[in-house]
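Undergrad: Each chain is listed here by its residues.
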Amino acid sequence: TQLLEQSPQFLSIQEGENLTVYCNSSSVFSSLQWYRQEPGEGPVLLVTVVTGGEVKKLKRLTFQFGDARKDSSLHITAAQPGDTGLYLCAGSESYGNKLVFGAGTILRVKS
Amino acid sequence: DVKVTQSSRYLVKRTGEKVFLECVQDMDHENMFWYRQDPGLGLRLIYFSYDVKMKEKGDIPEGYSVSREKKERFSLILESASTNQTSMYLCASSLAGGYYTDTQYFGPGTRLTVL
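Protein sequences appear in the order of chains A and B.
Letter by letter, the first sequence follows residues 534 to 644 in the numbering used here.
Letter by letter, the second sequence follows residues 3 to 117 in the numbering used here.
None of these hints come from the bench; they were simulated from the model.
Built from N, CA and C at the ideal position, the CB exists for glycine as well.
One thing to keep in mind: the hints can contain errors.
To be verified - Residues from chain A that face chain B, not an exhaustive set, calculated with beta carbons under 7 Å:
#1 Gly575
#2 Phe634
#3 Ala636
#4 Gly637
Claimed, not checked - With a Cα cut of at most 30 Å, we get these calculated DSS-like pairs of lysine-lysine:
#5 B:Lys59 x A:Lys631
#6 A:Lys592 x A:Lys643
#7 B:Lys5 x A:Lys590
Isolated chain B (complex conformation) (with noise of 0.2 Å):
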């Protein structure tokens, strides 16, 4: 069965810290994803990334960055928190796709609150 499991359901920070969030897939998909949740705006694609130590920025990067040192673990990483940055966040997994997207398969989601 696929899984893509994330370190925290839900986490508390304030502004200014530096905050990691973790994303394991066991379905040895080269590609990784993050985006950001929030209500009315669907999901926007932050950063992906299509093998190890690739990574390309998405939609909304301003803020983040990513690292992928191996191939079963993505992390997002927010430099300095900010309140705008209060969101749920899912990880996402796919092989590598050809000319139509691959299914990709999502985490459980962290919800992140900056205060």
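Here chain A stands alone, though its shape is the one from the complex (with noise of 0.2 Å):
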């Protein structure tokens, strides 16, 4: 099974400030996707990136795949407290349907 880390495990920041949030692999992903889950709900997907070097931008919200497909990362241009929630990043295998999970980021942004 391939294996995702994510890193810091958990962020509490100030509104207002920049985050950046990691997802690195030593293995090679077919696409990489990035969810928010909030408490009490299941996690929502934000993005999907299939292409090494993939930049997709969602408002505040910058994803960005590796030119490798093997990391990818989160960055969130002047937090709100309404960011506040568990990212998690997603890659899919080389085959079918089937996703790995990272641990997960604890964000919490503070007014």
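Combine both chains into one complex, guided by the hints.
TA: Here is the structure:
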């Protein structure tokens, strides 16, 4: 099973600060997804990246897939309290639809 | 609007009981999944199903079984619940995928406590 390591595990910042969450593996993934999960809810997909070097932006969130497709990052600009949640990266294996999830990063944005 | 529902949000059972967790999706998706989520471990795949009556083991199938008699319904069964099965259980569904993974839609989860 391919492993995905996320860092940091926990992040507590003030509103308006920038932050980056990392997702790393020694394996190559065919695609990588980022999910956000709020308390009491299931994860919700934010983005899917499929091409090495790909950068996608979703308002204040910027997602990057590494050139070698072994790592990804999520950068949030000017974080808001509404960004608080658990951020999960998930990579798909080379076949089928199974996802391998990282352990997650708990983000708390204080106002 | 896509929807995945799970039969219970909270469940408390005793050791040795047989436990059924139900999941229903209304999106006509072929694929359905059961995960458990534990702090610091992320989501771990228990079982998935890519068609009615078809199932495949995930990464941690021991102590669990599943049933998919209808396309929209996927059940997770704990034959004899144990305390180490206390966890958050998440169901998800997705369209049949190709080279890269389609979006997985998750239910709200069932928090199971085994005493």
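Undergrad: Now, for every hint given, state plainly whether the structure supports it.
TA: Status of each hint after checking the structure:
1. Checking Gly575 (chain A) against chain B: minimum C-beta separation of about 3 Å stays under 7 Å; hint holds.
2. A distance limit of 7 Å between C-beta atoms decides the matter here; for Phe634 (chain A) the minimum to chain B is near 4 Å, and the interface restraint holds.
3. The restraint placing Ala636 (chain A) at the interface with chain B holds, with a minimum CB-CB distance near 4 Å, inside the 7 Å limit.
4. The interface hint given for Gly637 (chain A) holds, since its Cβ lies 5 Å from the closest Cβ of chain B, which is under the 7 Å cut-off.
5. In summary, the hint linking Lys59 (chain B) to Lys631 (chain A) is supported, as the alpha carbons are separated by about 11 Å, within the 30 Å threshold.
6. At most 30 Å may separate the alpha-carbon atoms for a hinted pair to count; Lys592 (chain A) and Lys643 (chain A) meet this at roughly 20 Å.
7. For the hint linking Lys5 (chain B) to Lys590 (chain A), the alpha-carbon distance of about 26 Å falls within 30 Å, and the restraint holds.
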